[in-house]
Amino acid sequence: MTDIRATATPPFRLSMLVNDQRYRSLTFQVIVFILVMAAAWWLVDNTIRNLALMGKSFDFGFLFQRAGYDIPQTPIPYTADDSHLRASVVGLLNTLIVAVLGCIAATVLGVIVGVSRLSKNWLFARLMTVFVEIFRNMPLLLWILIIYAVFTEILPPPNAFRGEAATSGMILFDHVALTNRYTALPTLGMTNDPGSLDLGARITFNWATIAFVVALVGGWIVRRMIRAWAQDVQDRTGSRPTTWWMSLAVMILPSLLLIWYFGLHLVPPSLQGFNFTGGLNVSNSLVALWLALTLYTAAFIAEIVRAGILAVSRGQSEAAFALGLRPNRTMSLVILPQALRVIIPPLISQYLNLTKNSSLAIAVGYMDLRGTLGGTTLNQTGRELEAIVLMMLTYLVLSLIISAGMNVFNARVKLKER
Amino acid sequence: MKKSVFLGTAAAATLLAGMGMAQEGSTLTQVKERDELNCGVNTGLVGFAAPDASGNWTGFDVAYCRALAAAVLGDPAKVKFVPTTGQTRFTALSSGEVDVLARNSTWTYSRDTDLNLDFVGVNYYDGQGFMVRSDLGVTSAKELDGATICIQTGTTTELNLADYFRANNMAYTPVNIDSNAEGEQQYMAGACDAYTTDASGLAATRAAFADPETHIILPEIISKEPLGPAVRHGDSNWGDIARWTLNALIAAEEYGVTSRNIEELVRSSENPEVQRLLGTTDELGAMMGLDAEWARRAILAGGNYGEIFAANIGEQTPIGLARGLNAQWTQGGLLYAPPFR
Ligand SMILES: N[C@@H](CCC(=O)N[C@@H](CS)C(=O)NCC(=O)O)C(=O)O
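Sequence order for the protein chains is A and B.
The opening residue of the first sequence carries number 1 in this note's numbering; numbering runs sequentially from there.
The opening residue of the second sequence carries number 1 in this note's numbering; numbering runs sequentially from there.
Hints may contain errors.
The calculated lysine to any residue pairs, modelled on SDA-like cross-linking and capped at a C-alpha distance of 20 angstroms, are [said to hold, decoys possible]:
{"#": "1", "chain 1": "B", "residue 1": "Lys224", "chain 2": "B", "residue 2": "Gly332"}
{"#": "2", "chain 1": "A", "residue 1": "Lys56", "chain 2": "A", "residue 2": "Ala404"}
{"#": "3", "chain 1": "A", "residue 1": "Lys356", "chain 2": "A", "residue 2": "Ser313"}
{"#": "4", "chain 1": "A", "residue 1": "Lys56", "chain 2": "B", "residue 2": "Gly332"}
{"#": "5", "chain 1": "A", "residue 1": "Lys414", "chain 2": "A", "residue 2": "Ser313"}
{"#": "6", "chain 1": "A", "residue 1": "Lys56", "chain 2": "B", "residue 2": "Ser95"}
{"#": "7", "chain 1": "A", "residue 1": "Lys56", "chain 2": "B", "residue 2": "His233"}
{"#": "8", "chain 1": "A", "residue 1": "Lys56", "chain 2": "B", "residue 2": "Gln87"}
{"#": "9", "chain 1": "A", "residue 1": "Lys414", "chain 2": "A", "residue 2": "Ala404"}
{"#": "10", "chain 1": "A", "residue 1": "Lys56", "chain 2": "B", "residue 2": "Ser236"}
{"#": "11", "chain 1": "A", "residue 1": "Lys56", "chain 2": "B", "residue 2": "Thr113"}
{"#": "12", "chain 1": "A", "residue 1": "Lys56", "chain 2": "B", "residue 2": "Asp114"}
{"#": "13", "chain 1": "A", "residue 1": "Lys56", "chain 2": "B", "residue 2": "Thr91"}
{"#": "14", "chain 1": "A", "residue 1": "Lys56", "chain 2": "B", "residue 2": "Glu97"}
{"#": "15", "chain 1": "A", "residue 1": "Lys56", "chain 2": "B", "residue 2": "Thr108"}
{"#": "16", "chain 1": "B", "residue 1": "Lys142", "chain 2": "A", "residue 2": "Leu400"}
{"#": "17", "chain 1": "A", "residue 1": "Lys56", "chain 2": "B", "residue 2": "Leu115"}
{"#": "18", "chain 1": "A", "residue 1": "Lys56", "chain 2": "B", "residue 2": "Arg111"}
{"#": "19", "chain 1": "B", "residue 1": "Lys142", "chain 2": "B", "residue 2": "His215"}
{"#": "20", "chain 1": "A", "residue 1": "Lys56", "chain 2": "B", "residue 2": "His215"}
{"#": "21", "chain 1": "A", "residue 1": "Lys356", "chain 2": "A", "residue 2": "Ile402"}
{"#": "22", "chain 1": "A", "residue 1": "Lys356", "chain 2": "B", "residue 2": "Thr91"}
{"#": "23", "chain 1": "A", "residue 1": "Lys356", "chain 2": "A", "residue 2": "Leu266"}
Derived by calculation from the structure, the hints in this document are not laboratory data.
Just chain B, with the same shape it has in the complex (with noise of 0.2 angstroms):
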């Protein structure tokens, strides 16, 4: 009697587990209902995710999260920001606790498939780079034998460095570090002679820096780093969404649209491809399970890609990035949107 009674006890529990796993629904109606997006950002590097002095997020990667919000939800304050390290943003995107990563992501093969993360894009072409002391008397990443040097772990960053130092046949000590601010805090103290990161994180860094003057960035650029931001494998609705929003603020300044000249061009555009990007014309985004304004409200949210840019990373601002390979491809660059059709 006795094994027939665990055995009911053990049935019951895994009809309830069962229950209990049942269907979560997909990503976007999770975040529709929460009416509150999840977005996986930095810890804090100036210029891509950074909170201000009154703890109001921005940066590059924060603009696309808040486009992202305004297309989903219409309201681009609807963001909750989430802090993850190196080591921990994977794992918080793939247990669920944010709804999409822009965390200057590295896309690479392993993260795609292994990983089961799925990159929607590319909002950010970049390379790794090393910065030095300038009284350092170093002048080339060739130069860097034997030296001790930070790297964030968890990141493409270390293991670029491992086969850099290898090809090139120099040793080095690494310095482990958990975050952009402890990196920074080694750098300062001469704990490392050089720090090693993407290098618009490097130029983020050293601007936030009192004597940025004193510190170079060698010109060395040792690995391809296309950072975007990524969603979790397997719902493909979400990542298109997660896909198109990039897509729109990259069209958008291909085709002139602003978020100064939005509200006329929505009533006197005659490009077709700008109508339907406005969904002044045909339903676009009901294909997708948003309403026809969704772009609109993404553009609207910080303006189309090169005003993000420019407002938060550009050569107007202290970071002082150059649009290089950034640029849309009609300007000799990479970035290039698929049609809207």
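Bound-form chain A, shown alone (with noise of 0.2 angstroms):
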């Protein structure tokens, strides 16, 4: 009996840690896992050490010392007397601005020039291939810098815009100038001001752009409202309302309404001493990288929407057409619905990478985070681990909320089996 049992379970020896099959896997993850543990920990002891050698602390207290500097391009009101914190914000802002400006600008491009690839124009699909081509293949900060030294060397001064012999003149009607400084764009005037919702921390929102806000999307609801009831009708009698003119009412009207009340114009902005003033100043800082960004993921995105299309089978469309299917109704009711599953994976990436990229920002000296917390501030302040820690949270938060929506967004578009 005592035998039997031993040859069930022989007595356990170290060696069958590696050599039996049972244990080896698991001795291996823990090996890996006690080496990770020890690399951590190593790294964390080791910066402790060395800051405390030369000194240093860890600690936060300097985001709330004032920061002393001035930024550029201050999307909430700051001046010098500001805190570091709010310099941060005002920087993660401009962040924002430029990554936005860029998915949205880089999507729109992108999918213009993925589909042109598939052009049956042959001159002009090869356009495109070349145009892909050109701006995956070379590095995005040289791309940042072309573009800003092209607007800063060719583009005139302001000063070129002055007085009776002036060199350069403004364009559209006299509404825009292009200098090398920035692009001086007229802004909106109201005669009928309602003021501002102030939301604390010197943060204010004026209520037109509010109730501008809250008519776009109401519009936009009750759009929803007709389409569905124009569904029910079809669905009940066969015939299909016309509604287009009714959305169109309801997403226009509304805002001209609010044009006429608030009394809305543009004002252009003028030549004042050194500078453009009363319009609204883009430095061509944003306006550079903001076009390398653009450019650059476009063309990325166009080889996914491409991608993307080229997935669908041919079978799709041929049987989408033999069933009497317009070309236009082919492409947004079979094409795309099912290109879009294979394409919103990877752009979520590419989302991602062009947030992630703008912080090459501080080349053209746009203040975008990376300027400000990780550049200034951390100078002034020398406290450059908190600075870079608090930085990568921040951007792995961002990236993290971004991947999130367009995760969510996805959800919705993906294949729905049934």
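Grab the two chains, each in its own frame, and use the hints to assemble them into the complex.
Structure representation (structure tokens):
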């Protein structure tokens, strides 16, 4: 009896940890785990010791000290008297501005180029191929610098717009001036200003802005209701009522009404002293960064879109045609819904890339998060570790939010297996 | 059992980490062992620190590094120059990438305390100024309301600028740049109306222009910028060596010791201060771990303070800076080396 039992479960020997299949994978997992933990331990321990050796502490108190420096582009009110924290928030907002502008433009351009590459027009399709290859095969930083340098060197300084003997003129009916510092755009003025909503911390929203947002969102909701109603009528009677003019009306009429009510009009910039004032000066660093990010990312998105469309088998469109669907309906009802589920996941990565790539802003002096928190603040306070850790966390959170949002969208368009 | 294995490994790792951190030795021993001085300089500012056509670094700050290398290593050529920007310089110093930083850096309270640097003295008393094109028609900084101004990030310059414009109730748009070269390019292209930095830097920048006479430096000096070499906080001996090398250069000028007459003075000087400085009496060098002739070599490297000034940034050079505040105290300036005894 005892003998039999011994063969059933042989006594445990150390070599069995490696030789015995039952334990082997567990053994290696434990070893790897220990190594990883030891490495992390070593890093943290080393950092703490070295910080102590240099007489530095790890604390975020510097965020509440006076920043003392100015930032060229401030989406929320900011002066040198504000704290480093507020300066960092301004930087983060600047990051978001260029990231959002970039994602929108890159998507639009990418879709156009991607679809065009499949065009039957040989020359056109080849041109798009050249575009893709040029922009995705050269470092982004180079593009940013080149575009910025072109703006700085080719466009005239504001001075050139001055006086009788001006060598440059404004464009678009004297409403826009392209200079080597910024593009001076008109701002919106109101004859009937409703005042602003104060959110505290000197952040305000004009009531007119809020009214427009409400009008647009409301219009969109009503439009959905109209379409649902039209669908309902179609289901019951078999003929769909014409709704396009209703949709158009609910989308546009309220806004027109608001424009009239607030007395909205364009205020063109005018040259005063050294610079254009009165309008909105969009700095060349923002435009160069935005353009470069757009072109670069659009090249990748174009390939994703092309791959997505090619992934839908020809039989699908042939079947749709056979059913008598028109080409554009085939595209929107058959091809696109199927292509989207191939397109969305890699598109998320591109949005994340674009957002993180925007930290190259520092190369052209655009004060994003890297420029404020990771640049001037870090440098003036000497809090390298804190600033970098905070910056990494911010980018991480930003990326997670973007991918969470996009994943929700993805869940909605992905193939529903029934 | 798994737990004990884990703890054992963790303990071993800690031990290893501890050993890795074992005393790295003083900066002096490190420099001697390496047989080369790592000196942080700027990325290129003619007159202060810039590589010439054949790649040799020359300039006012460079000369200090060479003197220090001569004092410590016996050879002014044993220097590795590490170009640093306004943003990277202090990190380069505190991380040990450079042994000394001579990069037009202003001695300020927070840099000395919070950033854990030790400024070892002042080699140039400066102040912040503005440069504009003469055809802009501006003659005073007070007329710059609304202007676009180029500034180097990570400098005292950007803080002073913010303060000055606020104090005078003026507005401006900053254009942040990373190096002097970039600032020059933006300014030349007219992307900013004015360029602001230390007045010495402005003079040096302007001297490098093709048409220096079409640019003016405005009369206002809006800050105090005592520029000097800095070392890491915590190694006092190395700080002493850096400090007294600078003092030796300044004292040498005061006592008339030049690179030309130094050999003769070693033999014949009757002045006890000069004798101590040149190591012919007393053993001052040994007190900070150097030999007796350290100061002699430092002075021979590029001359005394006055010679270095004249050769790199003085009135005979294109940069053409007058001694002004940087004259010896005996000449109405601020240079005042403590006694060598
Ligand atoms: N003294 C100021 C400014 C120093 C500074 O950045 N100076 C400029 C011009 S004087 C410079 O050295 N530039 C050279 C370079 O960019 O390499 C400070 O310490 O913050």
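Now for the hints, and whether the structure bears them out:
| no. | hint | verdict |
| --- | --- | --- |
| 1 | B:Lys224 <-> B:Gly332 | holds, 18 angstroms |
| 2 | A:Lys56 <-> A:Ala404 | violated, 37 angstroms |
| 3 | A:Lys356 <-> A:Ser313 | violated, 35 angstroms |
| 4 | A:Lys56 <-> B:Gly332 | violated, 41 angstroms |
| 5 | A:Lys414 <-> A:Ser313 | holds, 17 angstroms |
| 6 | A:Lys56 <-> B:Ser95 | holds, 12 angstroms |
| 7 | A:Lys56 <-> B:His233 | holds, 11 angstroms |
| 8 | A:Lys56 <-> B:Gln87 | holds, 19 angstroms |
| 9 | A:Lys414 <-> A:Ala404 | holds, 15 angstroms |
| 10 | A:Lys56 <-> B:Ser236 | holds, 18 angstroms |
| 11 | A:Lys56 <-> B:Thr113 | holds, 11 angstroms |
| 12 | A:Lys56 <-> B:Asp114 | holds, 8 angstroms |
| 13 | A:Lys56 <-> B:Thr91 | holds, 13 angstroms |
| 14 | A:Lys56 <-> B:Glu97 | holds, 18 angstroms |
| 15 | A:Lys56 <-> B:Thr108 | holds, 18 angstroms |
| 16 | B:Lys142 <-> A:Leu400 | violated, 48 angstroms |
| 17 | A:Lys56 <-> B:Leu115 | holds, 8 angstroms |
| 18 | A:Lys56 <-> B:Arg111 | holds, 13 angstroms |
| 19 | B:Lys142 <-> B:His215 | holds, 17 angstroms |
| 20 | A:Lys56 <-> B:His215 | violated, 44 angstroms |
| 21 | A:Lys356 <-> A:Ile402 | holds, 11 angstroms |
| 22 | A:Lys356 <-> B:Thr91 | violated, 24 angstroms |
| 23 | A:Lys356 <-> A:Leu266 | violated, 35 angstroms |
Hint violations for this structure: numbers 2, 3, 4, 16, 20, 22, 23, all remaining hints satisfied.
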